[in-house]
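**Q** Spelled out from the first residue to the last, the chains are:
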Amino acid sequence: MDQVIWVEVLSRHRTVQSRHRCTGPEIRIGRAYTNDVIVDDPFVAPEHARLSCDAEGRVVVTDLGTANGLHAAHSRQRSDRLALGDDGVFRIGHTYLRVRDTAHAVAPERQFAHRAGSWVAIAVLAVAVLAFEAASLWLGDYSEPRVSTYMVPLLGGSIMVGLWSGMWSIVSRIFFGTARFEQNLLIALGGALGFEMVGALSSLGAFGLSWSTLVGYNFVGLFGVVAAICFIHLRQINPARSALAASVVSGIFLGAVAIQMLMQSDARPVASQLYVRNLLPPSLRLAPVANEASFFSGVEKLRGQLDEDRAKEP
Amino acid sequence: MTVTPVQSVSRRLAALAALLAVAAFADRAAPAAAQSPGAAAQPPTAEDVYAAARPRLLQIRTIVEAAGRQFVIGSGFLVSADGLAITNYHVVSQYALEPKTYRLEYAMADGTTGKLALLAIDVADDLAVVRLDRHDTPFFAFSKRAVDGAMPKGEHLYSMGNPLDLGFTIVDGTYNGPVERTYNQRIHFSGALNPGMSGGPTVTPDGAVVGINVAHQIGGELVSFLVPAKFAVALLAKHAEDGEAPPPNFTAEIGRQFQEWQDGLYRSFDGLGFRPIALGRYEAPESAAPWFQCWGRTNVDLVPKPRAIVDGTMCSSDTQLFIANDLVTGLIHLTHTYVKSDTLNQFQFAAFLSQQVQVGFPGGWSRKWQTRQRCSEGFVKASSEGARPTLRTVWCARAYRAFPGLYDVTLSAVTQDSGSDALVSQLAMQGVLYDNAVAIGKRFIEDVQWIK
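Heads up: the protein sequence lines correspond to chains A and B, in order. Counting in the working numbering, the final residue of the first sequence is number 314, and the numbers go up one at a time with none missing. Counting in the working numbering, the final residue of the second sequence is number 452, and the numbers go up one at a time with none missing.
Calculated directly from the structure, the hints in this document are not laboratory data. No residue lacks a Cβ here, since even glycine has one placed at the ideal position from N, Cα and C. Hints are supplied without guarantee of correctness; some may be wrong.
Examples of chain B residues lying across from chain A (beta carbon under 10 Å, computed) [stated by the list, open to error]: (1) V359; (2) T371; (3) S418; (4) A422; (5) E446; (6) W450.
Whenever a hint applies, use it, and build me the whole structure from the sequences.
**A** Structure, rendered in C-alpha cells:
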C-alpha cells in the first residue's frame, strides 16, 4: 500500500471528527501511541487493527486479536479480516472509521452567491406570508379599523417563525456543528405559508361545498404542514438519515392525528363540525344549488340518524 | 323588555288546591259556601270563604322515597266525596316520570296526612287527578258561569293554597278574563300567587272554582295565571269515562299527550298561515297566529357606528309546555334580520353576516332529555320560477330521548344573491313532530322572496 490514503474517525452522526493522512505498507490503528491512527475510545484495544492491501489492491482491515473485535459498518457480526466496501466504513469499539483514497471525488465549490440568494428568497417568502396574513385579517375585519388588529397577529406570527427557526438552528449547531439559520428560516416561512393556505382552502372549500367536515378536520392539514417542515428541517441538518427522519415524523404525525380524532369523537361535537359557520361571498359557492326536494331528502336522512342516536344510551 | 311567562313553581314549590265532584256545578243559587251564616243576605267575606274551603284544601308533596323528604310541594283541592282531588300536572310531574324514585303525599289543614294515588294527567292544561285514601270528604264545586265563559272582568276572586310551605293561605284578587295572545288558554288573575300555591283553587265569593292556580309572571306585579275550570271538569269527566285505573306508564302517556298537543299547535300554526313582511328588498314570512309576540331590533344606535346596518324582527310564540322541572318546551321562534353595508367589501360583509347567523336551540341542551344535534346544510333555491333568491340553508335537529317522534329543530336561511346585503331568517321549533317541522320548514323557505 504505497499510495496515500486518508483514515477518517467519524462521529456518531457520521460526520468527520479527525482525518489522518497515511502512507506505507500497513497502517496500525489503536489507542496506543505506537499507532498511525490513534482512537480515543476505551472500547478500543491499544493495538486494535491493521490496514493493508490485498492482491487485488483492495484495502483490508485485520483484527489484531482484540476482545471487542472488528465489525463491518452496519453489522453486529465480528470479523477477523474485512475487505472494505465502496463506502470504506468499519467499526472498532464504539468508533466508526472510514478509509478514502486520494481519488475520492468531492462536491464542487459552493459559491457565495448562493447564500445571498437564500436571503432574497427569505425576503420574498416573508413578504408573501405577511401579505397573506394581513389580507386574511383585513377580509375578516368588519369592526372599527385598528392598527392593533393587524400588528398583534403579524408580530406574534413573526416572532413564532423566528423562534421556530432559531430552535432548529440551535439543534443543528449543537449536534451537527453548523446553525444554518437562513435555511431553517426559509423552511419555517414555507411552513407558515402552508399553514395559512390550509386554513384558507379549508374555509373556502367548506363554504363552497357546504361541507363542514373540511373545517372540523382541517387539523389534519395543519399537522401535515408541521410534519412536512419538521422533516425538511431534519433532512437539511443531516441528509444521511432522511429515511429515519421521514419514518419518525410520519409516525408522530399519524399518532397526533389519531389522538386528535379520538378527542373529537369523545367530546361533544363543536359547532364548527356541525355546520359551516364562516360565510364567504356568494360568488365563491362551488356546489350546485339544490332544489327544495333534494335538500329535504337530506333532512329526512337526518331523522333516521337521530332515531339511531335516541336508541343509544345517553 | 321581553315578557316571558314562567311557571310559577320556582323549582321545588308548586301550589295545590281541592276540587269538586265530577259533574257538580255550583252556581249563584247554590254556592258551596252557602252554609256559612248570613250567606243569603250579605256577600260572603274572606273569612267565610276560607272557613268553608279549609277542609277541602290539600298540600301535595312529592317525597323522595329513599330519603323520606319532600322534593316538590304544591297545592290541590278535593272535588268529590270519595276523595278525588285536582292539582297541577307540574306538581306531580316528578312522580309521574319517576314513580320508583318518588311517592305522593297529601297534608290537610287539620294536619292529617296520607298517601295519594295519581290517576290521570292533562299535560297541555297542566292538570292532574289524584285520589286520597279518604271518603266522605267535603269538596269544591266548579263555577258554572266560569265553565260557560260568562264571567265579567273585574269580579272579585279568592285564591287558596300553601305558598312557600308557610301554611294554607287565602289571597284576594280580580278576574281579568282569558289571557290574550296565548295558545294554551289561561285566565289572567290579578292577585299574588306564590310558589307552592300551584294546583290550588281560585274561587268566587260563593266558593265555586273558577280556575286552578298555575303560574305568575316573573317581572310583573300581581300578574298571575289560572287554568280555566272547564279543563278540570273535562279531565274529571274523561277520567270517569276511562275508569279508575291510571295509565300503565305515565311517561308514555306524557309523550302521547305531548304529541297530540303539538299536532294541534302546528295544525293551528300552519292553518293560520304566514303574512309577508318587507325587510329591505326582501319579503319574509311572519306567522299570522295571534299567539306570537313580535319585537323589532336594530343596531343603528350603537356606538361606534357599526359598519353594517342590522334591522330585524323577532317573534316568539306563547306556547310553553311544562314536561318536567328541567324540561319546558313547545316554543316557536321566528326571526328575520336584514343586513346591509355600503362600506364593507364582500368578504368583510360575509364575516359580519356569519355573526348574525346563530344556529342554536332556545333553552340550551340537556343530555338527559335530548340527543346531540345533527345538521344538514346546503344551497337551496325553493323553485326555479318567481323571485326566489338562492338560500344558504342549515337544518339542525335533535331528538327527545324519552318521547319518540318528537324533536327540536332549527332552520336558518341566508340569502345568497348579493355581496353587500342579505336577509337572515331563522325558525326554531321545540318539541315538534318531524313531519310537521318539515312542512313548516318548506313553507318558510318558499316564502322568502324579492320585492320587485
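**Q** Decide, hint by hint, whether the structure agrees.
**A** Okay, the hints, checked on the actual structure:
1. V359: The hint holds - B/V359 has a Cβ within 10 Å of chain A, the shortest such distance being about 6 Å.
2. T371: 4 Å, holds
3. S418: Holds, about 7 Å.
4. A422: With a minimum Cβ separation of about 9 Å from chain A (threshold 10 Å), the hint on B/A422 holds.
5. E446: 7 Å, holds
6. W450: 14 Å, violated
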